[in-house]
Amino acid sequence: MTGTASALRASGLPRCWAVEFAPLRSPAALREAVRHTAESLDRAPALQRWGLSVALRLFPAAFLAVSGRFPRSASPAQLRAGLARLRGVPGYAEVLRATTALALYGALDGPASREALR
Amino acid sequence: MSGAADVDCDVLVVGSGAGGSVAARELAAAGREVTVLEEGPRVSTEDLAAAAPAESMRRLYRNGGATAILGTPPIAYGEACVVGGTTVVNGGLLWQPSAALLDRWATLSGYGGYRDDVVGAHFARVRKRLGMIVQEHGDGNADSRLLAQAAASLGWRWQHPQRVVRGCRHRNQCATGCPSGAKQSMALSYLPDAEALGAVIEPGVRVERILHDGGGTALGVAATGPDGRPVRYRARTVFVAAGPVGTPTLLRRSGIHRRAAGRRLALHLNLRTVARFPRAVDATRGTMFTAQVQEHSALGVLVMPSNVTPGGLGAALAGRDPGQVAALLAARAHLGMFTTQVRVQGTARISAVLGGSPLLRHGLTGADHDLMRLAFRRTARLLFAAGAVELLPPTSSAPPLRSEADAAEYCARVRPGDWEPVSVHGMASCPMALPERGGVVDDRGRPHGFTNLHLCDASVLPGAPGISPQGTIMSYAHEIVARHLEST
Ligand SMILES: Cc1cc2nc3c(=O)[nH]c(=O)nc-3n(C[C@H](O)[C@H](O)[C@H](O)COP(=O)(O)OP(=O)(O)OC[C@H]3O[C@@H](n4cnc5c(N)ncnc54)[C@H](O)[C@@H]3O)c2cc1C
Numbered sequence: 001m002t003g004t005a006s007a008l009r010a011s012g013l014p015r016c017w018a019v020e021f022a023p024l025r026s027p028a029a030l031r032e033a034v035r036h037t038a039e040s041l042d043r044a045p046a047l048q049r050w051g052l053s054v055a056l057r058l059f060p061a062a063f064l065a066v067s068g069r070f071p072r073s074a075s076p077a078q079l080r081a082g083l084a085r086l087r088g089v090p091g092y093a094e095v096l097r098a099t100t101a102l103a104l105y106g107a108l109d110g111p112a113s114r115e116a117l118r
Numbered sequence: 001m002s003g004a005a006d007v008d009c010d011v012l013v014v015g016s017g018a019g020g021s022v023a024a025r026e027l028a029a030a031g032r033e034v035t036v037l038e039e040g041p042r043v044s045t046e047d048l049a050a051a052a053p054a055e056s057m058r059r060l061y062r063n064g065g066a067t068a069i070l071g072t073p074p075i076a077y078g079e080a081c082v083v084g085g086t087t088v089v090n091g092g093l094l095w096q097p098s099a100a101l102l103d104r105w106a107t108l109s110g111y112g113g114y115r116d117d118v119v120g121a122h123f124a125r126v127r128k129r130l131g132m133i134v135q136e137h138g139d140g141n142a143d144s145r146l147l148a149q150a151a152a153s154l155g156w157r158w159q160h161p162q163r164v165v166r167g168c169r170h171r172n173q174c175a176t177g178c179p180s181g182a183k184q185s186m187a188l189s190y191l192p193d194a195e196a197l198g199a200v201i202e203p204g205v206r207v208e209r210i211l212h213d214g215g216g217t218a219l220g221v222a223a224t225g226p227d228g229r230p231v232r233y234r235a236r237t238v239f240v241a242a243g244p245v246g247t248p249t250l251l252r253r254s255g256i257h258r259r260a261a262g263r264r265l266a267l268h269l270n271l272r273t274v275a276r277f278p279r280a281v282d283a284t285r286g287t288m289f290t291a292q293v294q295e296h297s298a299l300g301v302l303v304m305p306s307n308v309t310p311g312g313l314g315a316a317l318a319g320r321d322p323g324q325v326a327a328l329l330a331a332r333a334h335l336g337m338f339t340t341q342v343r344v345q346g347t348a349r350i351s352a353v354l355g356g357s358p359l360l361r362h363g364l365t366g367a368d369h370d371l372m373r374l375a376f377r378r379t380a381r382l383l384f385a386a387g388a389v390e391l392l393p394p395t396s397s398a399p400p401l402r403s404e405a406d407a408a409e410y411c412a413r414v415r416p417g418d419w420e421p422v423s424v425h426g427m428a429s430c431p432m433a434l435p436e437r438g439g440v441v442d443d444r445g446r447p448h449g450f451t452n453l454h455l456c457d458a459s460v461l462p463g464a465p466g467i468s469p470q471g472t473i474m475s476y477a478h479e480i481v482a483r484h485l486e487s488t
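Just so you know, the protein sequences line up as chains X and P, in that order. Mapping the first sequence onto the numbering used here, position 45 (from 1) lands on 45, and the numbers just tick up by one. Mapping the second sequence onto the numbering used here, position 263 (from 1) lands on 263, and the numbers just tick up by one.
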C-alpha cells in the first residue's frame with residue numbers, strides 16, 4: 001500500500017464510500033477504489049496533490065465539526081448525514097466530488113471490469 | 001547541468017504525438033537522422049488489451065488524467081503522456097478544416113500560405129495513410145441511432161464521423177487506448193514508419209529545457225533520462241511538439257518568448273449530459289459514437305454521444321446525491337451520455353511554471369456562458385426529441401430535467417461556476433502569426449527570431465478550429481516540415 005493509500009484509509013473516506021455507494025461495498029471493489037484514487041492522487045500535479053492531501057488529513061476533523069463524530073466511529077446513518085452536510089461546505093464539496101469520481105471509476109472500470117469488456 | 005551525459009544528433013523531435021510523429025516520419029523519409037524524445041512510456045496493443053481502463057487511465061494520461069485548469073468553473077483537462085501522444089487515447093476522429101476557416105486564419109495571422117490548396121493536399125495524404133473511413137452504425141450504438149433519428153426529425157444536420165480505424169471491433173475503449181489495434185494512433189502508424197526509415201524513439205526522456213545561444217540558434221536540449229540522470233542532446237535542428245501545454249511550458253522554461261508563449265490557450269469545452277431513455281439503450285455496446293449533430297457548427301457547437309463505461313458514468317455522476325447515483329447506476333442500461341462540444345472565446349493561460357509543471361488558469365467570458373446555455377438548450381431539445389425522459393445536466397447540484405421547459409429554467413438559473421466542463425482539445429498556445437498580431441512562430445513554425453528551432457503541434461494553430469483538431473494539426477506539421485526540407 002502506498003503512503004497515499006494509507007492516508008486515504010486513515011481519513012475514513014473509504015468507509016464513507018462503502019456506506020453510500022453499493023458498487024463500492026465489496027472488499028474487492030473498495031480495494032480498487034482506494035488504489036485508483038491513491039495512485040491517481042500520486043500522479044496529480046504538485047499543487048493539487050498537496051491541496052487534496054491536506055483536505056484528506058483534515059477530513060476526520062471536518063466531519064467531526066459538522067456531525068459531532070469521527071467518521072470511523074459514526075453509524076451508517078450518521079455517516080450519510082455528516083457527508084450530506086459536508087457537501088454543502090465550500091471546498092469539501094469539490095474534494096468529495098473529485099475523490100468519489102476517482103473511487104467509482106477505479107472500482108467500476110478496474111480489473112474486475114476487464115472480463116466484461118472482452 | 002554538470003555531469004550530464006552528452007549525445008550528438010542531427011535532428012531532435014521532442015514529443016511523439018500528432019505533430020511530433022509527422023516530423024519524425026517526414027524527416028526520416030528525407031534521409032535525416034532523427035531522434036525522438038518522448039516523456040511517456042511505450043505501450044503496445046497487447047499491454048492495452050491486458051490492462052483495465054482504470055489502469056490505462058493512470059498509465060497513459062498526464063497527471064493520471066487529473067490536470068485542472070483553474071477558474072470559474074474549474075475545467076478538467078485531458079492529454080496523454082505516452083509514445084504516440086494523445087492520439088493513443090483519442091477517438092480517432094479525423095476532420096478536414098474548411099477552406100473558410102483557413103482563409104479566416106490567414107487573414108488573422110498575416111500568413112497566407114496555409115490555405116485549402118496547401119492544407120487540403122496534406123490532409124488528403126494523412127487520411128490515405130491512416131486509412132480514414134466513415135464510421136457507420138454497428139450492432140450497438142443505439143444512442144447514436146436515436147440521436148441521428150432525432151436530428152432528422154428536427155431537420156437538423158448530422159453526419160457519421162470520419163475515423164482512422166482499420167477494422168474497428170467496437171470495443172468501446174478508445175479513451176483508454178484501443179485494445180484491438182484498430183485505431184491508427186501515431187504509435188501504430190507514423191512512428192513505426194519513422195523507425196523503419198531509421199528514426200530512433202527514446203521513451204521515458206523528459207526534456208527540461210531547450211538549449212540555445214541567446215541569438216536565435218538552438219543548440220539542443222537538456223533532458224532527464226529514464227534512469228533519472230541528466231542528459232544533454234546536441235542537435236543541428238530541433239522540432240518541438242510537446243503538445244499545446246507542454247510546448248509553451250518548455251519555451252518559457254528555456255527563456256524563449258517567455259511572455260507570449262502559453263499566454264492564450266484556445267479550448268473546446270465538453271459539457272456532459274446523462275440522458276435516461278424508457279427503453280434500454282445499452283450505451284456501453286458499440287464504438288465511441290456513430291453520429292455527430294452539426295446543425296450548430298457555425299456557432300462552434302457539436303453534439304454527439306460519448307463512450308459510456310460503468311466507471312465513466314459513475315465518475316460523471318459523482319457529485320450527485322448518493323441515492324440518486326445508486327438509482328442511476330442500477331438503471332444504467334437505460335442511460336446514455338452525450339457530449340456538447342463548445343468552441344469558447346475565452347482562453348486559458350499558463351500563469352506560472354511550478355517545479356516544471358504549468359499552472360493553468362482560464363478566463364471564460366460572459367459570451368461563453370451564454371453560448372454554453374444556448375448549446376445546452378439545443379442539446380436538451382435534441383435529446384427529448386430522441387425520446388429521453390430525463391436529463392442530468394452538467395451541474396451536479398441541478399435536479400433532473402424532464403421537459404424543455406425544465407431545461408430553459410435550468411439555463412436561466414445556471415451560473416458560470418455551476419458548469420462542470422471537460423476539455424480534451426487545447427490549441428493555439430504559440431500561434432503562427434506575425435509578431436505584431438500576437439504570433440509566437442513564423443510560417444515555418446520557428447519562434448520569431450530563431451533559425452533552426454521549429455514547433456509543429458497543436459500549439460501553432462492560429463485558433464480553435466471548432467472540429468476535432470488532429471487532422472488540422474497533422475496537416476500543419478506536414479507543411480512546416482516540408483518548408484524546412486525545401487530550405488535546407
Ligand atoms: C480523450 C481524448 C479524445 C480525443 N479525441 C480526438 C479525436 O477523436 N480527434 C481529434 O482530432 N482529436 C482528438 N483529441 C485531441 C487530439 O488527440 C490532440 O489535439 C492531439 O493529439 C494533439 O497533438 P500534439 O502533437 O499537439 O500533442 P500530443 O498528441 O498530446 O503529443 C505531445 C507529446 O509530447 C510529450 N511531451 C510533452 N512534454 C514533453 C517533454 N518535456 N519532454 C518529452 N516529451 C514531452 C507528451 O508526453 C506527448 O506524448 C482527443 C483528445 C483526448 C484527450
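Since the hints were derived computationally from the structure, they do not count as laboratory data. Hints may contain errors.
Unchecked claim - Per label pair, the in silico range of CB-to-CB distance:
#1 P:G363 to X:L58: 41 to 51 angstroms
#2 X:W50 to P:P226: 49 to 59 angstroms
#3 P:A152 to X:A46: 16 to 26 angstroms
#4 P:H137 to X:T2: 15 to 25 angstroms
#5 P:H448 to X:L47: 41 to 51 angstroms
#6 X:W50 to P:E404: 42 to 52 angstroms
#7 P:A30 to X:A10: 34 to 44 angstroms
#8 P:H448 to X:A28: 29 to 39 angstroms
#9 X:Q78 to P:A331: 23 to 33 angstroms
As the list claims (entries may be wrong) - Part of the chain P face toward chain X, derived, beta carbon under 7 angstroms:
#10 A66
#11 A222
#12 P322
#13 Q324
#14 A326
#15 A327
As the list claims (entries may be wrong) - Beyond 10 angstroms from chain P on every Cβ pair, some chain X residues (computed):
#16 R43
#17 A44
#18 L58
#19 R72
#20 A84
The C-beta atom is built at its ideal place from N, Cα and C for all residues, glycine as well.
Each hint, compared with the structure:
no.	hint	result
1	P:G363 to X:L58: 41 to 51 angstroms	31 angstroms, violated
2	X:W50 to P:P226: 49 to 59 angstroms	26 angstroms, violated
3	P:A152 to X:A46: 16 to 26 angstroms	50 angstroms, violated
4	P:H137 to X:T2: 15 to 25 angstroms	44 angstroms, violated
5	P:H448 to X:L47: 41 to 51 angstroms	32 angstroms, violated
6	X:W50 to P:E404: 42 to 52 angstroms	44 angstroms, holds
7	P:A30 to X:A10: 34 to 44 angstroms	58 angstroms, violated
8	P:H448 to X:A28: 29 to 39 angstroms	57 angstroms, violated
9	X:Q78 to P:A331: 23 to 33 angstroms	28 angstroms, holds
10	A66	4 angstroms, holds
11	A222	21 angstroms, violated
12	P322	4 angstroms, holds
13	Q324	11 angstroms, violated
14	A326	5 angstroms, holds
15	A327	10 angstroms, violated
16	R43	3 angstroms, violated
17	A44	4 angstroms, violated
18	L58	20 angstroms, holds
19	R72	19 angstroms, holds
20	A84	8 angstroms, violated
Checked against the numbered hints above, the structure breaks hints 1, 2, 3, 4, 5, 7, 8, 11, 13, 15, 16, 17, 20 and satisfies the rest.
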